[in-house]
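Student: Residue strings, one per chain:
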Amino acid sequence: MDGMIVANENSKKENPVLSINNLCKSFGSRRILDNISFDVEKGEILGLLGPNGSGKTTTIKLALGLLKIDAGNVTICGYDVKNDFEKAIRNVGAIVENPEMYKNLTGRQNLMQYYRMYDDINLETLEWAIKSVGLSNRIDEKISKYSLGMRQRLGIAQALLHSPKLLILDEPTNGLDPEGIKQFRDFLIYLAHEKGISVLISSHLLAELDSLCDRVAVINSGRIVGIQTMEQIRHFGEEKASYKLIVDNSEITSSVFEEKGIEYQIIAENTFKVSVDEDVAETIMTMLFERGVRVKAFAPIEKTLEDAFIQMVTESGGSKI
Amino acid sequence: MKSFSNLVKNELIKIFAQTAYKVFIIIMVVLFMFVPLLSKGLTALVNGLSGFFDIEDDIAYYEEMVDDYNDGLERDYYEITLKTLEFFQSNGLDYESWQYSTMYGDYLYFCLSEHIYKCLRDGTVTLEEAKESLFDSCLDDNVTELDYGSAYELLSTERKEYESLIIDSEIADYYEKIYNDLLETKKAYDSYLLDLKANKLFNEEYKYEIFSYERALESYDDTLEILKFIKDNSIDYNSWKYHSWAVAQSMVLEMLSYNGPVSLQEFSTNSIYYEEYDDYEDYIEQWETTLNDEREAVMVLKYSVLNNIPTQSVQESSSKATYNSTLISNIELIMYFAVVLAGLIVANEFSSGSARLLFIRPHSRNKILLSKYVSILIVVFVLNILNAFISFGFTVMINGIGDIFAPNLVVSDGIVKESSAFLVSLGTIVLTNMRLLLAVSLAFMMSALCKKGALGIIVGILFDVFLSLIYSSIMLVSDLAFLKFTPIPYYMMEIFVSSKVEYVISQAYMNNVIMLSNTSQYQIASQLNVWAGLANFAFWFVICLLAIFVPFKKQEIKN
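Which chain is which? The protein sequence lines are A and B, in order. So for the first sequence, the numbering used here puts the first residue at -12; every next one is plus one. So for the second sequence, the numbering used here puts the first residue at 2; every next one is plus one.
Please note: incorrect hints may appear among the correct ones.
As the list claims (entries may be wrong) - Cut-off 16 Å, straight-line C-alpha distance, at most; resulting in silico cross-link-like pairs (EDC-like, lysine to aspartate or glutamate):
(1) B:K368 - A:E73
(2) B:K10 - A:D106
(3) A:K132 - A:E87
(4) B:K554 - A:E73
(5) B:K559 - A:E73
(6) B:K368 - A:D106
Source of the hints: derived by calculation from the structure; they are not laboratory data.
Just chain A, same shape as in the assembly (with noise of 0.2 Å):
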């Protein structure tokens, strides 16, 4: 996988939910996807993360049978989607970009539409999606009358009716709220966790990630550069922890840093941002408590999934966000 840092090849388990393979696309001479790879397991979701114009919504409609694949493949489920295409879409629940559905439908008409084209659900799932997206009160008004979110809503539920094995969401928060947001977020995390369904989520809200996801695969450019779980994304980059230091004097801390060596950011006034490793840390405490120095503050600086997400994207030789 060129361009792809792989953090963690021990995380990948037998048989993915989704595998994606080597996946290459062009729109005429202009390549949109450039050998992507991962795979998303049972009950795991897997974020994909990229600026505009990355290559996410590509990526998701080569997998759910949209775009035709120029190079590589997609299985779903161990069905391949160019050849076995209904098969593994069966397991399949998605939304791409904004669900658009009938307008001179109802909501229940709009889903029963997509109910009537599987052989093998029943309507109790049907009415359990609706309850379960908080559309009950709603579902028999045309949606022609529905918000912005409450279309979206429709459209998780038109994801969820069949029971699939994989929901594959496009940026599928807009037009939420934010009590919206965290409810749909609880509900997904209850879906992958409790229910064992898999998904992979494109969003190009970081913080809507970090909070979701059990990895993130960076795209960028077409390319996949890097795939993390979130705890390796916070470290991502970090060969020594950071820390954050107050100081009352700047001068003596400065000279204390030069003389071991030491290299240092100074963020505030009489703050220091250092990475060293523990042992260092203890010594330089020691020799500024010996020059008299007062230190106000130590502590650890955590990354942030942005941090990480820009650096990751920086070093890949791609544009941020």
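Dock chain B against chain A, hints included.
Tutor: Leaving out everything else, chain B in the frame of chain A:
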């Protein structure tokens, strides 16, 4: 199968949930009703126009003409015409009366002739002056200056006899008179035929003339039988039965005038013949065909009158003809609706973005596409059923049941047979729907491949308009020549239900009545083969379907 029927059900629900389509269907049903009303309105308008020229208007016109001329033959001509009209009016005989229809022309001729010969006898007018006047047509070249007096006396007597016939006779007398006259004439023709046959032994040239007279005299017997039936049953003048006889009689007169085809020498030297026919044999063959067709038409007319089954062409307003033409007109309306439906049914999925959710289901794209196509066919089928019933209801409301259930009459193996009117209507519906299917397939194709609803609709409608224009222009061409090997003449497949006998009858009837008939349609159909037409449609239909389904399977859904 169940899953496919569910897909079709989905599409039908989507179609009927759209307010625009519901409105469209309501408008169409109203139009279904409107077409027969419009047809009836036009008929009423035509009748109204003909009613406009009633006897009072003509009298007023001739009064003005008389006033415009102080003296001279012109004044005499208009004055006599005026007096003739006043004579009919004073006896309560308007344009609708059988006396006026049958005797006005002859009576006027007697009056005009009587007057001009009186003037010639009296020397008030010279022959030259008479010939240069409006009386010219009343002059007989055989009458010389010495005969002017006797000609006047004779015409005066005949005029008076005719006058009493007009005033005193009943329609039964009229029927009796013409029957006896025709019987006498028939005897003369029979005798002439015997002479011809006798001559045939010595002269081969008479064979065509004999053939012509045999056909004509067989038909003459039939027309006499029709007339006898009308006479014995006191059938109303101007009824369809009377018209049936009149048409048959006019055909017999035409057949008698044929005598025989032109000679080979004349055929070879006259461009009228050699440009129209392949060769002399072709000319003879078509001459014989025409005679036989007319013979068959008279047989049908006789069967029609004796069995009380009217043919469409002799009626002022045939319910069956109205029903079938209404069916065809309304199928045009259905076509426009179906083309709009076909244009939008796929394109709308893409323009609204719903395609992204539709095509990620466990069904192949072509299966989903096929369900859309089938749903259009179902809508078309339902609308056709609706059309059949609504057209029937309104035709009956406007024209009455009339001949709507009357069987169609055809001649097979020299015998008149009845064929089901229902089958003819069904054939009309099925064959008219052929071009609808092609227009719909084209619109559907453009919708599926280009994802532009408007483009599909425009292509579908232009296809119909363009081909109907081409078709209308080829109606002007009697010989299709190479066109019959192209798909163009097969555009209106319903021409294949047009009847040969009705065509021949309408040709004869058109001399007196302005009518919109399937004349040209039969002429075209007679040069074509229905199976070739069906094969032509099947070919383009398959090409269309291939062009839809093969590329669509590979298309990307980017929107």
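Student: Hints first: check each against the structure and report whether it holds.
Tutor: Okay, the hints, checked on the actual structure:
1. B:K368 - A:E73: holds (11 Å)
2. B:K10 - A:D106: holds (14 Å)
3. A:K132 - A:E87: holds (14 Å)
4. B:K554 - A:E73: holds (13 Å)
5. B:K559 - A:E73: Violated: K559 of chain B and E73 of chain A sit about 20 Å apart, past 16 Å.
6. B:K368 - A:D106: holds (15 Å)
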